[in-house]
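Chains W and G are the protein sequences, given in the same order. The first sequence begins at 1 in my numbering and counts up by one. The second sequence begins at 1 in my numbering and counts up by one.
Treat the hints as calculated values from the structure; they're not laboratory data. Bear in mind that the values here come from a model prediction, so they are computed numbers and not experimental data. Cβ atoms here follow ideal geometry from the backbone N, Cα and C, with glycine treated the same way. There's no promise every hint is true.
A few chain W residues facing chain G, derived, Cβ under 7 angstroms [what the hints assert, rightly or not]:
hint : residue
1    : Pro61
2    : Ser65
3    : Gly112
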Amino acid sequence: MADEVEVKKVEGITKESTQEMIDEALEAYPEKGRKKRAPHLAPNDPSACSTCVKSNRKTVPGVMSARGCAYAGAKGVVWGPIRDMAHISHGPVGCGWYSWGTRRNLMTGKNGVTQFGMQMTSDFQEKDIVYGGDKKLATLLAETHQLFPLAKGISILSECPVGLIGDDINAVAKKSSQELDLPIVPCSCEGFRGVSQSLGHHISNDTIRDYIIGTREFAEPAGPYDVALIGDYNIGGDVWAAKDLLAEIGLNVKATWTGDGEMDKIAATHQVKLNLIHCYRSMNYMCRVMEEKYGIPWLEFNFFGPTKIRESLRKIAEKFDDRIKENVERVIAKWDVEMKKVVEEYRPRLEGKKVMLYVGGLRPRHTVGAYEDLGMVVIGAGYEFAHSDDYERTMPELPEATVIYDDASEHELEHFVQKLKPDLIGSGIKEKYLFQKMGLPFRQMHSWDYSGPYHAYQGFPVFARDIDLAVNSPTWKLVKSPF
Amino acid sequence: MANNLGLTVKPVTTTSPEEEARVAAWIDTQDYREKNFARQALVVNPVHACQPLGAELCAHGFEGTLPFVHGSQGCASYYRSTLNRHFREPAPAVSDAMTEDGAVFGGQANLHEGLENAVALYKPKMIAVFTSCMPEVIGDDLTAFLKNARNKGTLPKDLPTPYANTPSFKGTHITGYDNMLTAILQNLTEGKKVEGRCTGKLNFIPGFDANTGNYREYKRIFDAFGIPATILADITETFDSPNDGTYRLYPGGTPLLEAGDSVNGKATLTVGPYATAKAFAWIKEAYAGRHASLGMPMGIGRTDDFLMKLAELFDRPVPDALRAERGRAVDAMTDAQQYMHGKKFAVYGDPDQLLGYVAFLLEMGAVPRHVLCSRGSKKLEKELELLLQSSPFGAQAQIWMNRDLWHLRSLVMTDPVDAVIGDTHGKFLARDAKIPLFRFGFPVFDRVNKHRSPIIGYQGVINMLSEICNRFLEIKDDTCEERFFEMMR
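Build out the structure end to end from the sequences listed, making use of the hints.
Shown next, in the form of structure tokens:
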């Protein structure tokens with residue numbers, strides 16, 4: 001990644017000006033809080049900055065953080081999108097209720113028959129806390145199997161109290177699995193574990209490794225172009241757009257992880273030739289496991305915006321024969337015509353506009369190229385739950401001395417925005433209305449603001465349209481009243 | 001190849017279209033309904049959230065108040081997101097980010113550090129502390145922790161810091177609202193009761209009501225009466241603030257001094273008897289003045305009761321303007337009754353709203369067929385029964401307590417209705433049953449401005465019936481044969 005660093009600059013932003021802005025934001029903290037937050041904020045140094053911000057540390061108590069928890073990572077991100085399994089939120093009602101349908105991982109199939117995008121919970125009551133919930137869980141698993149007979153498996157996603165009272169969901173899962181002849185996966189993703197949703201991804205990946213992978217085999221013979229799409233959660237249909245493009249270049253997508261995912265196909269992924277990973281943060285663990293255990297190579301790619309799509313397709317083609325390489329060139333040439341039209345339409349309206357990003361997963365770096373395709377410049381980026389390897393991948397993508405913020409508090413973001421006056425902010429639902437009240441254009445970049453897809457060639461026109469409608473909406477001009 | 005489950009490796013299978021069709025047909029049957037209703041442990045698509053969500057909503061209703069979750073940061077993010085999505089407004093709240101070490105050593109260190117940071121960064125006039133699951137399970141003692149914080153100096157002595165225990169495994173979001181409201185009022189009114197003093201004001205307690213239009217409507221009614229009122233808790237501005245280019249952390253809420261002085265009010269009225277049971281019981285003991293508890297004023301009769309109660313409490317007549325409004329609402333009802341008369345409804349929601357929906361439907365001559373509450377009590381069941389028995393249109397109703405939306409799906413598939421009333425989560429069953437869902441509850445994630453349109457009072461009657469009748473008319477226009485497509489409806 002770092003081999004093709006071209007240092008970008010933004011007029012008016014220097015290392016000193018950014019550091020000064022950071023110091024000002026820190027002034028409001030009590031001493032202890034300031035000391036904890038300072039290492040998470042820095043001006044970008046694209047060439048030598050692998051550790052210039054600290055990450056994956058505990059959130060400072062009492063600050064407004066955007067972070068979620070391990071359960072959110074497990075249910076909302078990794079397990080939840082597998083469409084043909086029943087996912088049990090095991091514990092009190094809330095966690096399942098709040099995460100119900102809110103991450104927009106779209107699914108095919110019929111709801112309640114072959115697809116289970118619904119809220120299933122053990123709805124813990126006080127007596128379950130006192131006496132334990134294992135017995136209830138066993139009953140619940142049998143009921144789930146009876147009422148949803150086409151569910152290919154069940155995941156048990158434990159909420160905080162389950163871990164605290166010491167329930168043995170592993171034993172219950174094992175016994176019920178055998179009785180029902182159904183894969184039942186216990187996932188100890190209690191929200192208090194770790195520092196963010198990131199640990200939930202990791203724990204979930206481990207359970208997929210331990211309980212799912214290798215338990216199924218494709219009936220048809222393996223082909224040279226069999227791949228799996230890893231780390232795409234089908235937000236607003238992203239998986240479908242990415243899958244279509246991979247099919248267009250001649251690859252055979254055998255499994256999608258986990259957006260619109262199917263348990264059996266995920267379980268047989270160890271038979272593919274190559275794993276293609278989009279969201280590195282949430283799924284790199286699984287790529288490593290399949291590489292070590294089954295010798296399957298993996299490749300990171302980026303399907304946001306024509307420039308990155310082009311680069312990624314060529315990188316993917318390098319892993320295959322001339323047939324794929326030729327396909328890729330043909331597909332790029334075909335879509336370049338379409339993409340040029342999109343850019344020609346929107347670029348004049350977006351040229352030079354400044355963007356600040358604060359999201360999770362891959363977006364603070366992966367989307368930079370897409371904004372640049374539209375003539376925009378990203379002047380600040382940060383993650384809710386990244387690790388240092390994410391920042392290593394991010395620094396080269398961003399202009400020099402722009403501000404990097406890890407687990408930013410709303411106080412810090414607000415300060416940076418006031419100072420830098422971006423033309424667009426891309427962040428989450430909790431930030432959205434705060435900045436809109438300031439009269440600033442905003443897009444929810446976790447959920448595509450109820451739009452999408454944004455991935456691949458199908459996604460870019462949607463992305464460009466959405467960015468244009470956000471930045472250039474006449475409504476922003478009405479915010480200041482004339483009287 | 002072995003795996004941890006001890007199951008054998010199998011080929012990838014796909015469900016055949018025939019099998020899918022068979023099960024798809026089966027889940028709509030009476031046989032499935034019986035199996036569905038026999039379940040003991042599994043809850044599918046419940047209509048209730050957990051306590052802290054309600055606690056946060058309540059806290060947002062007070063001036064300069066920072067909701068503070070003692071527990072995991074993920075919980076705080078969930079409550080905030082849920083409120084953001086419903087209101088399309090900011091919901092500033094913090095947590096003290098407890099993790100594994102908190103589970104082992106208790107959450108006092110997190111609480112103290114969190115309070116110090118929150119005070120410095122967000123300069124609140126009050127911090128409302130409430131708990132999520134973790135500290136409840138490990139038994140954190142908030143009384144002691146907060147006392148220690150004051151002694152240590154991490155918490156300013158004069159900063160009100162009410163706290164409520166809001167375990168998620170007990171009650172629902174309305175219980176949390178009640179617990180937080182009780183704690184806040186106890187804190188703010190402490191030592192404020194003055195013998196012989198009367199503010200002359202009405203203390204008005206709406207309960208968990210996520211419709212800002214309702215709050216504005218209540219205020220308009222009090223203004224029409226000329227009754228000065230203190231709303232406990234007032235989320236009107238917090239969740240419906242103007243966009244003028246300035247972000248305000250605390251845009252509204254009941255002034256703290258006024259809330260404290262509410263203990264000397266002329267009268268206290270709650271319209272959320274289920275959502276404020278604990279707070280109201282305490283108020284009856286602690287507050288001066290008269291006390292009254294009514295149902296939410298939805299429909300004509302319940303609005304009449306509400307206005308007459310105000311008239312009685314303040315010894316003044318119902319203003320002519322409201323009398324005229326009543327007439328207009330009744331006029332709208334008689335004009336439109338033909339479009340709702342005999343139409344069957346499935347309704348679900350929180351107890352107070354649920355009673356309101358049913359009362360309104362009965363007045364319109366509509367038939368509440370399935371009435372469902374996913375955490376209902378015997379008391380609610382009894383009250384619903386009495387309400388339904390009061391009208392011939394209630395005779396066909398079936399009440400379902402402690403059932404969820406997957407139960408309701410079975411009900412509407414085997415015993416069809418014309419429409420559903422409830423929150424956004426019912427859209428799946430409404431689609432399967434090919435009937436409209438009227439979104440009047442919480443949360444509404446998938447429509448705009450529902451929370452700005454009041455459903456209480458006479459205006460609320462007009463709003464509800466317009467939405468429902470016009471949709472039925474639209475359906476008729478969309479589905480009727482060409483030869484029955486006509487100008488007049």
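Structure-based check of each hint:
no., hint, result
1, Pro61, "holds (3 angstroms)"
2, Ser65, "holds (5 angstroms)"
3, Gly112, "holds (6 angstroms)"
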